[in-house]
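Asker: Heads up: the sequence shown at position 318 corresponds to 318 in this note's numbering, and the numbers run straight through without jumps.
Since the hints were made in silico from the structure, they are not lab data. Glycine included, each C-beta is placed from N, C-alpha and C at the ideal position. There's no promise every hint is true.
Calculated cross-link-like contacts (lysine-lysine; reagent style BS3-like; alpha-carbon spacing at most 27 Å) [what the hints assert, rightly or not]:
no.	residue 1	residue 2
1	Lys59	Lys47
2	Lys176	Lys47
3	Lys131	Lys86
4	Lys48	Lys70
5	Lys131	Lys94
6	Lys108	Lys149
7	Lys177	Lys70
8	Lys70	Lys55
9	Lys108	Lys86
DEER-style ranges, computed between Cβ atoms [to be verified]:
no.	residue 1	residue 2	range
10	Glu274	Asp180	46 to 54 Å
11	Thr203	Thr283	18 to 26 Å
12	Arg295	Asp52	23 to 31 Å
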Amino acid sequence: MRLRRSLAVAVAVAVTTPVALFTAAPALAAGAPAAQTQNQPTYAELKKAAADAQKAYEKALAAKEEGQEKVKATLEALDSDTHPLKAATITADKAAEEAATAETAAEKAVRDAEAAVETAQGETEKAAAEKALETAEADLAKAVEAKEKADATAEAARTALDDARVAAVREYSVLKKALDDALAAKEAAEEALGTAEECVRETGLTSLAVGLPAEVVAGTTVDFTLRVTNGTERTLTVDPLAFVHVDGERGGEKSRPAVEWSNGSGWHALNGDEPEHIAHIDTMAPGERSDVKLRMTVAPDAASADAFALFAADASSAYRPCVLGPMKRYDFELLPAGSDPGPVDDADPGQTGKDDDQRPATAGPGTTPQGGAAGQPVTTARTTPTTRTAGTGTYGTTAATGGTLAQTGTSPALVPLGAASAVAVALGAGAVLAARRRMTADR
């Protein structure tokens, strides 16, 4: 019974293999970021773990496919009449059949001898008939013994052949189990990496405009400062974000202010078409502050208009490639040339609009972002806008507001599944045949 159960399991493994592989599908990464502990893996470590798990999975898949071919070849060989085990089974079955025929003949001889004793006339004929009966009974006993030995030999031969089939399928099931384990490890590694890649909101990463006036006269230049502060508990790589725009104005119109920034390596112009990364900061320790100088020049013929500036900071750490500081909006007014506004207060940060919090593509840890220290303008490629969500907490302890799919899509290594299906059929047929013959032997 134990052997038959093993065979049933082997058949199930063989037949369901293609189904399990075909049903692999991407899964949505979910859950809050892991708590900040000393043992928390870095993003680089998670990437390496995911890559290693992928390689291990592909290796296990190749081993399983090789095992499929091997077990298929073994089962086909075992079904060949020229295989020693199959040949021994054929010979033993034939001998058992001959022994059964001999036993049947001996039984008939005994019945005939018994009938002769019953019909014998006289003492001499009866004595001869009884002697013939004794001989027939002795021959029958030998025939029965010969049949028992032939049956035992045939059963042993079938057992050896069945055991060889079971061993081949069992070896394959070990490879299948290794593949299942490798797949589970790969998916777990990809889920952990996907969770780490989700953007998190960090209220402690602030970007404030210092000295930006609430009113700016056309034909003048104003200087102000963007002050970025790392109020988090992590060392960050930071890309400050800046955008200045006149309400209702399209790119290229003359009222648009010309804005430049400097981190001490010369002045670099903002293109003004969308939020841009400026003044890349490789390392900001917790509590550190960095000032970026900006200057805004308004053309002398610029019309009166309402304008606004947006400032934020995108960052990454050793543990998170996407950390988003809160967006700040500063509304100010453009006045006609020659206006005398008198003493002007600084613009105060106000409520951001629903379309304000849009971020350009950010760089990962240890990379140089677009528009970085070299002062090159960023490209206009943009990721899907990330909308600011109220009530987000501290980086490392709050749920991510963004979402990415874990990279658990079907690997190219899963393509050759047609062969796997064919092998599965062969495995199932071979194992079923072995089970059927074993049940016959048990009876």
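Asker: All hints, please: hold or fail.
Answerer: Results of checking the hints against the structure:
For the proposed pair Lys59 and Lys47, the alpha carbon gap of about 18 Å is at most 27 Å, so the pair holds. As the CA atoms of Lys176 and Lys47 are separated by approximately 26 Å, the hinted pair is consistent with the 27 Å bound. Proximity of Lys131 to Lys86 is assessed by CA-CA distance (about 44 Å); at most 27 Å being required, the pair is judged violated. A distance of roughly 33 Å separates the Cα atoms of Lys48 and Lys70; the hinted pair therefore is violated under the 27 Å criterion.
Simply put, Lys131 and Lys94 have alpha-carbon atoms about 33 Å apart, too far for the 27 Å limit, and the pair is violated. Distance check on the hinted pair: Lys108 and Lys149 sit about 21 Å apart at the alpha-carbon level, within 27 Å; holds. Restraint check for Lys177 and Lys70: satisfied, since their Cα atoms lie roughly 16 Å apart, inside the 27 Å limit. The suggested pairing of Lys70 with Lys55 holds, with an alpha-carbon distance near 22 Å, which does not exceed 27 Å.
Distance check on the hinted pair: Lys108 and Lys86 sit about 33 Å apart at the alpha-carbon level, beyond 27 Å; violated. Our hint of 46 to 54 Å for Glu274 and Asp180 holds, since their Cβ atoms are close to 47 Å apart. A hinted range of 18 to 26 Å for the beta carbons of Thr203 and Thr283 is consistent with their spacing of about 21 Å. Checked against the hint of 23 to 31 Å, the C-beta distance between Arg295 and Asp52 comes to roughly 50 Å, which is inconsistent with it.
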